[in-house]
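J.: Here's the letter readout for the chains.
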Amino acid sequence: MLVDILRSTLPMAGSDVARDWDAFYAFLTWTSTIFFVGVVAAMVIFTIKYRHRAGHKADTEVHGNVPLEIVWTVIPTILVMVVFVWGYALYRDMVTAPGDSVEIKAIGKQWLWQFQYDDGRSYTNKVFVPVNRPVKFIITSEDVLHSFFVPNMRVKKDAVPGRYTTVWFEATAEGAHIVYCAEYCGTQHSGMLATVYAVSPEIWRRFIQGREIDENKLASGAADEVTMSAAATESKGGAERPISLIDQGRGLVASKGCVACHSVDGKQGIGPSLKGIHGAGVDFANGDHLEARDLNYLREAIEFPNARLVKGYGPMMPTFRGMVSETELTAMLEYIKSLK
Amino acid sequence: MAHAPAMDGNRQYAHHFLSADHEFETSKQGIWLFLLQEVLFFSPLFVAYYVFRGLHPADWHAAAQLLDWRMGALNTVILICSSLTMALAVHGAQTSNKKKLVVNLILTLGLACGFLVVKYFEYTHKFHMGIYPAGAFTYEGLGQYPAAKLYFSIYYAMTGLHGIHVLGGMAVMLWVLKRAMRGEFNAHYYTPVEMTGLYWHFVDLVWIYLFPILYLLG
Amino acid sequence: MAEKHGNHHKHHILAPKIIWTVWALLLIGTALTVGATHFHFGAVNYVIGILIATIKAALVVTFFMGLKYDSNENRVIFLTSFVFVAIFFVLTMSDLFFRGPVEFDNGRFLAAQEAHAAAQSSDPWISTPELVAKGKELYAAQCVVCHGVNGKGDGPAAGALNPKPRNFTAQAGWVNGRKPSEIFGSLTKGLNAMPSFATSPAPDRWALAHYVSTLGPSVLKDSPEDLKKVGAGNASGGGGGEKTLPIDLAIEIMSSEG
Amino acid sequence: MAHTSHDGENYLNHEKGLWSWLSTIDHKRIGVMYLFTVLVFFFIGGVAAMLVRAELFRPGLTLMTADTYNKMFTYHGTIMVFMVVIPLIPSAFGNFVLPMMLGAKDVAFPKLNLASYYVWLAGALVATASLVVNQLDTGWTFYTPYSIRTSTSASWVLLGAFIMGFGGIFTSLNFIATIHKLRAPGLTWGRLPLFVWASYATAIVQLLATPVLALTLFLVVLERSTGIGIFDPKLGGDPVLFQHFFWFYSHPAVYIMALPAMGIISEVIPVHARKQVFGYWAIALATFGIALVAFVVWGHHMFVSGQSELANFLFSLITMFVAVPTGVKVFSWVATLYKGDLHFRMPLLYAFAFIFVFTIGGLTGVFLAALGSNVHLTDTYFVVAHFHYVMVGGTIMGMLAGLHHWFPKMSGRMYSEGWARVSWFLVFMGFNITFFPQFIVGSQGMPRRYYDYVPEFTTLNQISSVGAWIIGVGFVLMALYLLHALFRGAKAPPNPWGAATLEWAQDSPPPFHNFDKDPVVTHGPYDYRTSH
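Residue numbers (numbering that gives the first Met the number 0), protein chains in the order written: chain A, 0 to 339; chain B, 0 to 217; chain C, 0 to 257; chain D, 0 to 531.
Pulled out of the complex, with its shape left as it was, chain A reads as follows (with noise of 0.2 Å):
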């Protein structure tokens, strides 16, 4: 109920999140809303009762009150904890994708969002994602800060260059939700929109099997009518097979010359074999450990080679820094992760 009455000042919930996220909301205002109209009504009263008159007098010994003092210091206490708290479990829960995510790379670039799928079929300021199955963002950016905004799930996340960030959601409600920058990035910064469309499982299937999907049509709800054709997709100019992104990055992996000190199969090189490397611990020269190295590790090492060396190799790798771009990146990472 008292959720409700907010609602007109919010957007759609399109998740189950977004829910949760409107009933903290609701709570955060409806508590601040009894202490504003304290607070003034106090003043309001007082106001009223001691204004000046004839005859009036103020009553100066008036100077303090101890045991009010500590009520008013410990009940906002008590409170802002009960706020952190809700807030902080309410932020866990956004920032923590479920393991059966769908993933999507999402690149900010002055002034639009490109997205990218693991089979290498990428769109430009439009995404489409399954209703009901968790989606994870991998998200970084070609140039300045961007912020991937989406009103509708309640989560944002800056784009940063040079590294990955993270943000998930689980639509709920199928239809189109706007995505804005909101972090300043220049010029175009408001016309920096792109779309999620959560699509139903059987649109989403068909996308999967490689069929393109018609955003126009998404209201009339027809898999059929929504999922363009094999042939339809060709003549919409996605006519080459896209490329899946581990194969991109086997291909990037063999054409940057990584193969020659880097084995993909487990052999010895000159450098360590790329095989398993992902999620595995590592000792580094300098005695630090890591126990698993995820991406940021990886990108790192391909940047920075010689930041953290790995134990037992000497420092004579040259930087790639610049020479990838970060599509490419994205794709060799996603190769070499393969590498089980």
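Derived from the structure by calculation, the hints contain no laboratory data.
Mixed in with the good hints, there may be bad ones.
Which residues of chain B face chain A? A partial, calculated answer using Cβ under 8 Å [claimed, not checked]:
hint, residue
1, 54
2, 56
3, 57
4, 58
5, 140
6, 142
7, 144
8, 145
Note that CB positions come from ideal geometry on N, CA and C, so glycine has one too.
Given the structure of chain A, go ahead and fit chains B, C and D onto it with the hints provided.
T.: Leaving out everything else, chains B, C and D in the frame of chain A:
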């Protein structure tokens, strides 16, 4: 201006103070407050230094090898000696020993010049090698260590900022020296000498940290 | 004023002996710092270096700067700065050195796609409405030019061909027969002017076959023997499996793109 | 404390001519010069705000191009923050009032005080010089790497802000030394007016935080000129590190703005309620509590910036504690009204306005401090509304309370209460009409710094724009009646409000030397039993 200085015995002080001592204590606190903000002023560079050192330890280590610790050590000795002469100058003023004050001020200035000369040779040597801040870095010997350029960025920023402080200190010392030669300072009034001293020791203090972290422990 | 300001307040004068002693200690400290780095104690080196520097700094502050003899107020002021620098350090590092791992933690999209393809192609020789629908799309893209929109063999290109393309709606005239397996065979091997479609994935060919057979007067069914003839019907049948691009082709495409 | 009679000589007329102002080391004149200059910049920043609101009246391109719009909000932010709200209360009112409240003849270092004005002015001029060079479009936060890449003249503004920082450092250094060393006999810590406590805490914050910003901005200048690389991901730097450096200053800066305003409110309410302030020590300690916590919460500006989860946890947790001392202050002010004798004069009306808007600003701050709610609300108009409720609602309302409180003291004239009430009504209503809709449009998802918006947001934006113009009218009216008062106003008595602090214990305007006889303090700052 309209404020006539007040007199306290034979010492003069500004009208809004109670006494010359009151003025002295207040001025000294002013300098301490100034030094407090100086510490904070240098702090971002130290934070940046440790951030990137933590992120790229190997690059940091490799880059630090290019600095000549002997030059750094020489400058450390120079600055410590200048702190000594500065302390002696203050002592000269406190004991109304004009000659001791003037000679030691000149020595301090000379040592400060020496410091800058050493720094000049270090910088030009690096420039010849193509070691500039990251954006203009052309040195090729550290190809495997891309973050080494950041080391030199921070090196230039830290030593450059410190160098500006040395220059500023020298300017103030020249002014104090001029007044000292006119005989304006004695056991009753030496506030500017003491304040300059505090500042100069602080400049030394910063270098005491810069030397090991840049030259020795990279 | 709150503090006492006697007119004869004594300023502290640092004795020259202390000045010289501190100077000597500072020089010794410098020598120690340099010396210590020539021994390799690992991480301890760092601690030693910073420790000596701090002792030197403390000497400067205590004696040269006279904080030992100064007011508590000034002591608090100067030491406050280090408290705030420490806050600055610790909280900044709580971000920089504690950024959790970021993972591409699955190729689930591809896995789902492969699983789907596998499901699709497991028995492509058995007609399903989906296969027919897929066949319809493929037909519209690849066959209408000759066989015509309605499958009557009257496509725009039909006139130039001899023999004429098959009319799928007619009962008669089928060279290889009109069971799906037989149509699949024709597609795979080619027939007269029609080239082989063997480069299309087998499920696509099956889908086309199923669709084409719906165009005729009646839909025929394959017997197991019929399927055996075209190598289908077993687990290792003619379905699926050729979905990913050959590696060398991928490399070729990537390098041509720069 | 008796008022000594004068032969009409005061700080305004004891010396005449422009040069006597430009070369003055009198804290009162320096305060007036700050006030005048700040108001000029307030006007420029206000015009930029009006243009921003005019462009946002409708979606799409209406008045100006996206680039022009980006420059407009950048100048609005930069001018209002660095040239108005930060120096406004400490440098203008603080300079004028603080030494007199302490019973001192001047600040500890009068020449440094004048230097601080010129340094700040020089910085402000360098920054505004960018207007004629190539303008600036980074937003007042100068986030890297955009501020490194932009082709606009960011270096000028960065350098200007760097220089202005030293003005603030000098002033705060001066205040701390003055409060420590120049209190009149009998003016114990427990008898300090709360405005002094607030100025003291502010000065400490400013002295500790400003140097970090100064150096950080200088590093960005170096990024642009030599590519120092620390904040530039292309060279291996970390753009988020810049945010840490920037907010290490800029979060405490919020309290550099808010604390002195709170000090004015603590000053104004007892005077016009004719009553001892409720919980003197609670307010004084809360002031220091806020100042201290201010330093350890900066990361709450960065919850979605890619900051570590650990840092998010710590910063959110600590931020919650800002609410407690802030609440204590608000409750204490309201409780001061209890059993008072309320004179509804302008300062008290502005204090009411302050409590009203600042409470909203503070409460919505909790929304942003909690991690979960922050994710959706940050970087939207909700934040814009929140910080305007704090900075404008807080600082500007507090400043206006102070301006109307001390105007008779500064100018020796009384202003028209009637017109002042009309203006108060316009500013107060206009403010809420402007910024309250922004909370809603923000929670609906409209990001900040947007030149264009989706049509659903039109109505709320239009209400907001109309409100902005109402505020504008209110301020124009205020300028008119204050100017009128300056030249035609009735002569002000020495102590028109019956206040008990020392600045009122002398003529209006005060004499050049502040006190003809060194004052001795024998009672608390809000003890109205002995006076009037």
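J.: What hint numbers does the structure not satisfy?
T.: As far as the earlier hints go, only 5 is violated by this structure.
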